[in-house]
Amino acid sequence: MTHAVSPLHYLIVSALLLVIGTLGVLLRRNIVVILMSIELILNAVNINLVAFSRMHNQTQGQAFALFVIAVAVAEAVVGLGVLIALFRNRGTVLADELDLLKW
Amino acid sequence: MVVPQLLLLTLALPSMATLLLLLASRPGVTRGKPLHWPGILATLAVLASLMASFTCFYEFRLRGEALHASIGEWIPGFGATLGLQMDGLSAALLLLVDGIGLMVFVYSLAYMREERDQRRYYGSLLLFLAMMKLLVLADNYLLLFAGWEGVGLASYLLIGYHYERYKAGHAATKAFIVNRIGDAGFLLGIFGLFHACGSLQFDAVARHAGEIPHTALVVITTTLLIGALGKSAQIPLHVWLPDAMEGPTPVSALIHSATMVCAGVYLVARSGFLFTAAPEVSQGVAILGALTAVFAATVALVENDMKRVLAYSTISQIGFMFMALGAGAFGVAIFHLVTHAFFKSLLFLGAGSVIHALHGNQNLKQMGGLRKKMPVTFLTMTVAALALAGVPGLAGFFSKDAVLGATLGAPNGWLLFGVGLGTSLLTACYAGRLVFLIFFCPPLRHASQEMAHESPALMLMPMRLLAIGCVFAGLLGPIRWSEWPLMILSGVVSLGGIWLAYHFYVSKPAARTGLDVRFAPLTEMLRNRWYVDAVYEERILDGLVLRTARGAARADRHLLDGFVNGSAWATRQISKASRWIDRYLIDGLVRGASGTLQFFSSPARALQTGFVQTYALVFVAGLLAALGYYLAH
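If you read the sequences in order, they're chains Z and U. Heads up, the first sequence stops at 103 in my numbering, and the numbers go up one at a time, no gaps. Heads up, the second sequence stops at 633 in my numbering, and the numbers go up one at a time, no gaps.
Think of the hints as simulated: they come from the structure by calculation, not from any bench. Values in this document were obtained by computation on a predicted structure and should not be read as measured data. Note that CB positions come from ideal geometry on N, CA and C, so glycine has one too. Incorrect hints may appear among the rest.
[Unchecked claim] Each pair of labels, with its calculated beta carbon distance range:
#, chain 1, residue 1, chain 2, residue 2, range
1, U, ASP582, Z, LYS102, 25 to 35 Å
2, Z, ILE69, U, TYR629, 55 to 65 Å
3, Z, VAL68, U, VAL590, 48 to 58 Å
4, U, ALA606, Z, ARG54, 40 to 50 Å
5, Z, LEU83, U, ASP582, 44 to 54 Å
6, Z, LYS102, U, VAL620, 14 to 24 Å
7, Z, VAL33, U, ALA606, 19 to 29 Å
8, U, ASP582, Z, LEU26, 44 to 54 Å
9, U, GLY566, Z, LYS102, 34 to 44 Å
10, U, GLN598, Z, PRO7, 53 to 63 Å
11, U, VAL590, Z, LEU27, 37 to 47 Å
12, Z, GLY91, U, ASP582, 42 to 52 Å
13, Z, VAL68, U, LEU607, 31 to 41 Å
14, Z, PRO7, U, VAL620, 17 to 27 Å
[Claimed, not checked] Which stretches of chain Z does chain U cover? Using the computed rule of at least three CB atoms under 8 Å from a CB of chain U, they are:
#, segment
15, 16 to 28
16, 69 to 78
All chains, full assembly: derive it from the sequences and hints.
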């Protein structure tokens, strides 16, 4: 029954994750959630990579997914660090209260 | 010790003590009991300086020539050195100043005992002593002038010693201002001398004296004379001396009778070679002296304040000295100066003793009968008064006699002689009146009378010594026994004056009232001091000075203030215009520029919200648009 799951399903899941993640980044106010949404987007990519790697019977895709996970971890660390610094300075983690990019 | 050091020492001792007292110690009045160390220190300094002066004098007699000491150049190229010299004239005055000074300092120890500000008193008195010695020891006119101003300053400080009393402060200011007129004259004389001789050294000036053009000589001697008139309180600059009696009595004894006021006599005697070369000025000196002598003697006759009687007497006696100076008899003038210093300082010390006993009362009308209560004061003061009157045998007799003899040698000598003789009569009369009123007349009942007592020994000791001086000082001078008819005449005149005083004040006081009534306008005029002070105050002070001041005030208010206010108004108007330009033109330009930019940039600015999600939205929209475009083709 393994054939029941075709690459198309993977792509659909991946596309869903991408849309959910993108909407999360665009619509959620809490930056923690925004960071989590970014993780979703990255993982959408990872699913694609792993799925196509399996389909073509090559390992490069899986290795690449591992890299993406590592980069995602690093990005989360940096992002949370910035977030903590931001909270200490501004007392808030809500994106619509931070309009610093204007200056 | 070598001579220069000795001369310096006699000057340096009082100077250093002055500095110590005035600068090195804490200023102000001490709390609690008055300090005594300033007086003791000052007296010791004067004693030491007297001994140094005596040594100098001994050296001078030994060598038989003037001593010189030079400290160095003062103003290079100006002929003014810091040099001291001691000749016979300086020596006489130096010993006199130190000797009388010592007496007065010792007397002050007792008289000023209760004063709070001992330090200031003794400091100023020592300053006077140092400056007076500088004056008589200077070997050029400029240094003499420095001493001259120094004694003026010390005199000012001491007249105003009781500065909390309005009258004392006023008197000090008056003395200072009147002296300033004289000093201005003296200074002009110094300028003239330098112009004419190119030097201010006494010996250099004396060498060049013959070459000075006559007109210049007259101008120089006249201006020097103005200086002498101011310092020596002669007509018309005499008004300050009676007021100077506001100072403490020992100060009056030392400064305002014996020494400082004689500085004018010293100046003329020192410049004798100039005055003999200008006979018309010399005659003026004699005439002014004679006028002053008779004028002051008449005022002394009716004055009721004991110290003012003595002040007018001093003015009168210095008038005598000027008569001698005018006659060219400089030695005689100095002789009279020395004897006068003895008896006049003694009279002042005696007056101080009486004031001390009567607790500050110095009104002659409220005295009398003190003979029994103050025997020593009575005796010494009587000796001094007799010497002043010129009773034969005492100091004043010989010197006054010498002056009268000298006037006969001057042009118009008989006139001067007559005035001098008349003044002698008046002098004897007021001297007698003084003694009779204080010691003999029945006392009026007055509170201060009951408490009267003899002064402490420390005050009596200098008085006793000075009394001895009054008896014997006459023998120091040049006595010409060959002029015996003159001596007999002046002796008779002085005894006659005393008899007059006795007649009117002791034996028949009623006769005096009769005279007072008959000559009321005359006595009234004398009581008002010939209206000189009144005229000075009304015409010169109120009339000239105040009118000038008022004019100046008006000019100030209308011209100067108008200018100032006008410029303020103009400034205000200009600044208003400038503010308008600033606000509407310059600010308008700036605001216009920024407003234009703001207006045109507003759509672009609207893009930038600063929210990270807006940017992300635009980003995603762009991505989708690109994707849609790709898929469509």
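Now for the hints, and whether the structure bears them out:
no.	hint	verdict
1	U:ASP582 - Z:LYS102: 25 to 35 Å	33 Å, holds
2	Z:ILE69 - U:TYR629: 55 to 65 Å	33 Å, violated
3	Z:VAL68 - U:VAL590: 48 to 58 Å	55 Å, holds
4	U:ALA606 - Z:ARG54: 40 to 50 Å	49 Å, holds
5	Z:LEU83 - U:ASP582: 44 to 54 Å	50 Å, holds
6	Z:LYS102 - U:VAL620: 14 to 24 Å	20 Å, holds
7	Z:VAL33 - U:ALA606: 19 to 29 Å	28 Å, holds
8	U:ASP582 - Z:LEU26: 44 to 54 Å	51 Å, holds
9	U:GLY566 - Z:LYS102: 34 to 44 Å	57 Å, violated
10	U:GLN598 - Z:PRO7: 53 to 63 Å	56 Å, holds
11	U:VAL590 - Z:LEU27: 37 to 47 Å	44 Å, holds
12	Z:GLY91 - U:ASP582: 42 to 52 Å	43 Å, holds
13	Z:VAL68 - U:LEU607: 31 to 41 Å	33 Å, holds
14	Z:PRO7 - U:VAL620: 17 to 27 Å	26 Å, holds
15	16 to 28	holds (count 4)
16	69 to 78	violated (count 0)
In summary, the structure is inconsistent with hints 2, 9 and 16 from the numbered list given earlier, while agreeing with the others.
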